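J.: Each chain, written out:
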Amino acid sequence: MLQIPCPWCGIRDESEFSYGGEAHITRPLNSENLTDEEWADYLFMRKNTRGAFLEQWQHAQGCRRWFNIQRDTVSYKISASYKVGEQPPQGMGNEK
Amino acid sequence: MSDLQNGESPLVQIDFNQFEKVKGIKLTELKFQGHLNLRGRLNDKAFCKAISDAIGVELTSLKANTFILSEDFKVYWLGPDEWLIVTPPDQQLELKNTLQQALQGIFSSVTDVSSGQTIISISGFNARSLIEKGCTIDLHPRQFKKGDCAQTHLSKATVLLSVVKSSEAFEIIIRRSFADYLGLWLLDSSSEFV
Ligand SMILES: [Zn+2]
Chain A
0 MLQIPCPWCG IRDESEFSYG GEAHITRPLN SENLTDEEWA DYLFMRKNTR
50 GAFLEQWQHA QGCRRWFNIQ RDTVSYKISA SYKVGEQPPQ GMGNEK
Chain B
0 MSDLQNGESP LVQIDFNQFE KVKGIKLTEL KFQGHLNLRG RLNDKAFCKA
50 ISDAIGVELT SLKANTFILS EDFKVYWLGP DEWLIVTPPD QQLELKNTLQ
100 QALQGIFSSV TDVSSGQTII SISGFNARSL IEKGCTIDLH PRQFKKGDCA
150 QTHLSKATVL LSVVKSSEAF EIIIRRSFAD YLGLWLLDSS SEFV
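Heads up: the protein sequence lines correspond to chains A and B, in order.
Mapping the first sequence onto numbering that gives the first Met the number 0, position 32 (from 1) lands on 31, and the numbers just tick up by one.
Mapping the second sequence onto numbering that gives the first Met the number 0, position 98 (from 1) lands on 97, and the numbers just tick up by one.
Simulated from the structure, these hints should not be mistaken for laboratory data.
In this text, all values refer to a predicted model and were calculated from it rather than measured experimentally.
All residues carry an ideal CB built from backbone N, CA and C; glycine is no exception.
A portion of the hints provided could be inaccurate.
Residues from chain A shown here face chain B by an in silico Cβ test under 8 angstroms; the list is partial [as the list claims (entries may be wrong)]:
id, residue
1, Trp7
2, Cys8
3, Arg11
4, Asp12
5, Ser14
6, Ala39
7, Asp40
8, Arg45
9, Gln60
No more than 20 angstroms apart at the CA atoms, straight line, and that leaves these computed lysine to aspartate or glutamate pairs for DMTMM-like [claimed, not checked]:
id, chain 1, residue 1, chain 2, residue 2
10, B, Lys22, B, Glu191
11, A, Lys82, B, Asp71
12, B, Lys155, A, Asp12
13, B, Lys20, B, Glu191
14, B, Lys155, A, Glu13
15, B, Lys62, B, Asp147
16, B, Lys155, B, Asp179
17, A, Lys46, A, Glu36
18, B, Lys25, B, Glu57
19, B, Lys132, A, Asp12
20, B, Lys132, B, Asp179
21, B, Lys95, B, Asp71
22, B, Lys22, B, Asp187
23, B, Lys30, B, Asp52
24, A, Lys82, B, Glu81
25, B, Lys132, A, Glu13
26, B, Lys95, B, Glu131
27, B, Lys30, B, Asp14
According to the in silico footprint, chain A covers these stretches of chain B (three or more CB under 8 angstroms from chain A) [unchecked claim]:
id, segment
28, 8-20
29, 140-151
Chain A on its own, in the form it takes in the complex (with noise of 0.2 angstroms):
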């Protein structure tokens, strides 16, 4: 089971969380003129890292709360933990 540090109430179990995806997608403010494309290209298409890849999870079972981590997705190690609306660790950025 993997032990993940939330920002607030520090590390717990896995099985108190649930995965929310990549993190630092944003909702295009002109979604009126995109095209078809565009579109599902923001609701669908994910990355799919080997490597250190930053995602979302909440906090469900504990203080609700969103966050982001970082975490490897070959050894699963944990580097980074940060809460909604701050900045990934520095030099680091899901490529896009």
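Following the hints, put chain B with the ligand in place on chain A, whose structure we already have.
T.: Here is chain B with the ligand on its own, set in the frame of chain A:
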């Protein structure tokens, strides 16, 4: 008037007398307490002042995953903008009205959730061992001491667990729909201490 006046506790089917045979565990229900869910912004000075005037608690100094006793009220941290206030029976409506009056025009909410949950108190020298059977949080007093609380799961049921006395006395706030299940689980799990 409380709508709980003629109500039944969600634990009505649990025979608490059975816990009397259990060594080192005293288990009781704190029935019909008032539970108010409070939400608001900590960076809003008017919000914090309204709360401290009404219940004497400075929300900004209430740390994450702790609770505080103020007069008759217990205030639990639930999230960075969310708290639970537990009042003695039949005081929740008065407090709710006071708070709503004080919070007029301030971005906030006060919700009476009294009938949605109940409290189980567990104390005694085996209390910690009993809870540890279904809880992955470290309950040793070096990690989880008097005044601490945690929202977690106990035998898969979502609970708000708090420490009344380090390592010896705990309180569990449980949703009414899970109360019967948790009561039965506690009975079953405490059988080894009979
Ligand atoms: Zn949390």
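J.: Quick one: which hint numbers does this structure break? Sort them smallest to largest.
T.: Result: hints 6, 7, 8, 11, 18, 23, 26, 28 break, sorted rising.
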